Amino acid sequence: MEKTKLLTLSNFRKNKGTSVGLFLLMMLASMLVGVSLLMFFDAYPTAEKEAKKLDAGDGYLWINKDLKGIDDAFIDELFQNDAKRYETVHCLGYNNVSLPFGKGTVAPGLAVNDSSAFGKTLNRTEVIIEDDSVAAPYIYLPYQFFTSGGEKIGDVYSFELMGAKYDANVRGFINTTYFGCNNTGMYEFILDDVTYAALWEKDRASAETIVVSFELKDGVKAGKFKIEAGNNVLSRNPDAIALAALLPETISGKSFMSLILAVSFLTVTSIVVVVITMMLTNCISNYIRENMKTIGALKAMGYTGRDIARSLHLLFTALAVVGSVVGAGLSYTLMPVMAKIVVGQMGVPYKVGFVPVCSLIPVVFIVIFTFFVTALSAKKIRKIDPIVALRDGIGTHNFKKNHVRLDKSSLGLTLSLAGKTLFTNFKQNMITFFV
36 MEKTKLLTLS
46 NFRKNKGTSV
56 GLFLLMMLAS
66 MLVGVSLLMF
76 FDAYPTAEKE
86 AKKLDAGDGY
96 LWINKDLKGI
106 DDAFIDELFQ
116 NDAKRYETVH
126 CLGYNNVSLP
136 FGKGTVAPGL
146 AVNDSSAFGK
156 TLNRTEVIIE
166 DDSVAAPYIY
176 LPYQFFTSGG
186 EKIGDVYSFE
196 LMGAKYDANV
206 RGFINTTYFG
216 CNNTGMYEFI
226 LDDVTYAALW
236 EKDRASAETI
246 VVSFELKDGV
256 KAGKFKIEAG
266 NNVLSRNPDA
276 IALAALLPET
286 ISGKSFMSLI
296 LAVSFLTVTS
306 IVVVVITMML
316 TNCISNYIRE
326 NMKTIGALKA
336 MGYTGRDIAR
346 SLHLLFTALA
356 VVGSVVGAGL
366 SYTLMPVMAK
376 IVVGQMGVPY
386 KVGFVPVCSL
396 IPVVFIVIFT
406 FFVTALSAKK
416 IRKIDPIVAL
426 RDGIGTHNFK
436 KNHVRLDKSS
446 LGLTLSLAGK
456 TLFTNFKQNM
466 ITFFV
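The number in this note's numbering is simply the position in the sequence shown, starting from 1, with 35 added.
Everything labelled a hint here was simulated from the structure, so no lab data went into it.
Quick caveat: nothing in here was measured; it's all calculated off a predicted structure.
Just so you know, even glycine gets a beta-carbon here, dropped at the ideal spot from N, CA and C.
Be a bit skeptical, because a hint or two may be false.
The following label-pair restraints were derived from C-beta to C-beta distances [stated by the list, open to error]:
hint	residue 1	residue 2	range
1	G258	G139	50 to 56 angstroms
2	V309	L457	21 to 27 angstroms
3	F153	S133	24 to 30 angstroms
4	H125	V309	58 to 64 angstroms
5	K187	L369	23 to 29 angstroms
Please construct the entire structure, taking both the sequences and the accompanying hints into account.
Okay, here's the thing in structure tokens:
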């Protein structure tokens with residue numbers, strides 16, 4: 036073992052530049068794998084976790100524009116056979132409203148409610164951050180207005196509904212499953228009770244809306260129920276607008292950015308892994324070529340091919356262990372940056388958590404991968420004959436391969452010699468080119 040350590044240290048001293056490059060690439064690969072796994076196992080499920088926490092049920096039905104013939108009795112008739120639970124909320128609803136958002140505008144459907152929205156038992160609305168000292172008229176905005184819209188508590192938010200302009204002080208930000216993300220096409224504003232009462236009197240005739248959150252019974256197909264519920268509403272009143280959304284499509288709309296980022300990082304990681312493979316193969320090939328006489332001398336002194344190969348294993352595996360551990364740690368420093376993108380798109384609160392599997396897999400993957408690539412590349416060391424190695428690798432040579440003949444080349448001497456070098460070490464040069 037002592038002989039192997041001495042050979043390993045000697046190899047490291049002779050190949051410091053390549054070793055440092057490999058270390059950095061292994062660290063980068065481990066970091067990218069770690070970030071990808073954290074995106075998959077920690078960030079991506081956040082929207083679904085929040086939906087469960089808020090008891091989002093299976094979906095909601097939105098009915099407005101003309102509610103003639105549509106009352107609570109009709110809603111009971113619509114849901115009593117297929118729904119395990121359902122909850123009806125009467126509020127103001129506006130379709131395709133142009134709302135200021137950041138430096139631009141968005142045009143979602145908008146539900147406007149008063150403080151009674153905080154008392155829902157199904158598909159709850161949760162306050163994430165607030166300041167009770169903010170005076171009326173005040174408004175609670177969806178959390179996405181904070182994460183990517185640039186709004187802050189205490190700001191004055193100005194918006195327009197049905198031709199009338201309103202100014203309200205931002206008192207806090209809320210988390211909702213269905214009405215909190217532009218990708219789902221719906222937002223919810225909560226006004227102070229006095230402001231809402233005035234708005235209700237003004238817009239009730241044209242904007243009164245019924246929102247029914249529901250949880251279906253076992254065995255009821257959500258997609259079929261969604262279509263049938265909408266058709267039943269329109270059968271009762273063809274002038275009404277009936278929209279429905281299910282939980283899976285809402286979660287998908289909120290989470291797609293984290294999925295795209297995770298896949299992107301894995302794609303980049305695959306490229307880095309290919310580069311590591313080429314560098315390892317090239318490094319070992321160069322080691323054999325440049326140290327042919329040394330290998331012969333070592334074998335003549337009693338070292339075996341296994342000893343020499345083991346020294347390379349020790350060197351590159353040590354680089355892999357240290358590089359992958361550092362990379363796995365760095366993935367947690369990069370995740371807050373990714374979290375800002377994810378939270379800004381999802382509109383739900385998220386904090387990076389420690390996931391042991393996401394820390395272990397990058398280390399294990401990089402170390403095992405490096406071990407196998409090194410083992411395959413170092414096979415030829417065992418086959419080198421000491422006598423041939425002491426002759427610098429030359430056994431017999433028939434000189435049939437003379438890619439660039441100096442006596443017949445039309446190129447200059449310098450270019451001809453460069454061509455000879457290129458073709459003599461063609462494999463290694465191509466690897467270097469791709470790296």
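Hints, verified against the model:
The hinted range of 50 to 56 angstroms is not satisfied by G258 and G139, whose Cβ atoms lie roughly 34 angstroms apart. The hinted range of 21 to 27 angstroms is satisfied by V309 and L457, whose Cβ atoms lie roughly 23 angstroms apart. A beta carbon spacing of about 27 angstroms between F153 and S133 agrees with the range 24 to 30 angstroms that was offered as a hint. Between H125 and V309 the C-beta distance comes to about 60 angstroms, which sits within the given range of 58 to 64 angstroms.
Range check, K187 to L369: Cβ separation about 26 angstroms, and the 23 to 29 angstroms hint holds.
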